[in-house]
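Can you build the whole structure from these sequences, using the hints too?
For the sequence shown, the residue numbers in our numbering are 2 to 195.
Calculated from the structure, these hints are not laboratory results. Backbone N, C-alpha and C fix where the C-beta goes; we use that ideal spot for every residue, glycine too. You may find that some hints are simply not true.
[As the list claims (entries may be wrong)] Here are the simulated distance ranges between beta carbons:
hint, residue 1, residue 2, range
1, L154, E75, 34 to 40 Å
2, E65, Q20, 38 to 44 Å
3, V134, R93, 20 to 26 Å
4, V134, V67, 43 to 49 Å
5, S153, N49, 35 to 41 Å
6, V148, G30, 23 to 29 Å
7, A177, Q27, 33 to 39 Å
8, F77, G146, 36 to 42 Å
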Amino acid sequence: MSDSFSRMPLPLASRRYAQALFDLVQEAGYVKDFEKAFTSFLDILNRNTDLKRLIQSPFFSTKEQVQTLDSICESFKFSDEGAGRIMRNFLRVIVENRRLFALSDILRAFQCYVASFRGEASAHIISAHPLDVHQQEELRVALEGVVRKKISLHLSVDSTILGGLIVRLGSCQIDASLEGKLSSLKLALEKEVS
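Pasting the structure below:
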């Protein structure tokens, strides 16, 4: 999963690609294998600046992108069977549709579908300071009690929120940060003054 936490929901196109991919992988019975392969593949892409440029730049032709991704698939030893075949075909589709730049968002959406399939949910937590193990467990237990699913926490630290937490669980976001409370207070005071 992406290291950075986005406060914006995933783009609709990325969710649609991810849903179609998940449906195909689930129907074929390769959810676990594909998720592992896809995550590894994206990790390599994210660590290589030349590959990042290939993905983000509109100056590379579709043919160049397909050739590069095919050679990466070869190095991964993706066969023309099973999850490997689905991976190759999927990458070709997003390249041909000029959506390669959205690969990271598609993976995030795909992982959400996999988590839902397993009866799990991901909670993205932003805190002003790192949470210790005890705080993480308390938060996980509280969230699991609310949603009645196994919760996977994805933590990030953002000192600009000053204190408290911002919790995103699915499409719900709870802003219990000091920054959020101060902003609300400022708006209320401005409304009273005007």
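Hints, verified against the model:
1. L154 x E75: 34 to 40 Å: This hint holds: roughly 36 Å between Cβ atoms.
2. E65 x Q20: 38 to 44 Å: Check failed, 28 Å falls outside 38 to 44 Å.
3. V134 x R93: 20 to 26 Å: 43 Å Cβ-Cβ, so the 20 to 26 Å window is violated.
4. V134 x V67: 43 to 49 Å: holds (45 Å)
5. S153 x N49: 35 to 41 Å: At roughly 27 Å between Cβ atoms, N49 and S153 fall outside 35 to 41 Å, so the hint is violated.
6. V148 x G30: 23 to 29 Å: 27 Å Cβ-Cβ, so the 23 to 29 Å window holds.
7. A177 x Q27: 33 to 39 Å: The hinted range 33 to 39 Å holds for A177 and Q27, with Cβ atoms some 35 Å apart.
8. F77 x G146: 36 to 42 Å: holds (40 Å)
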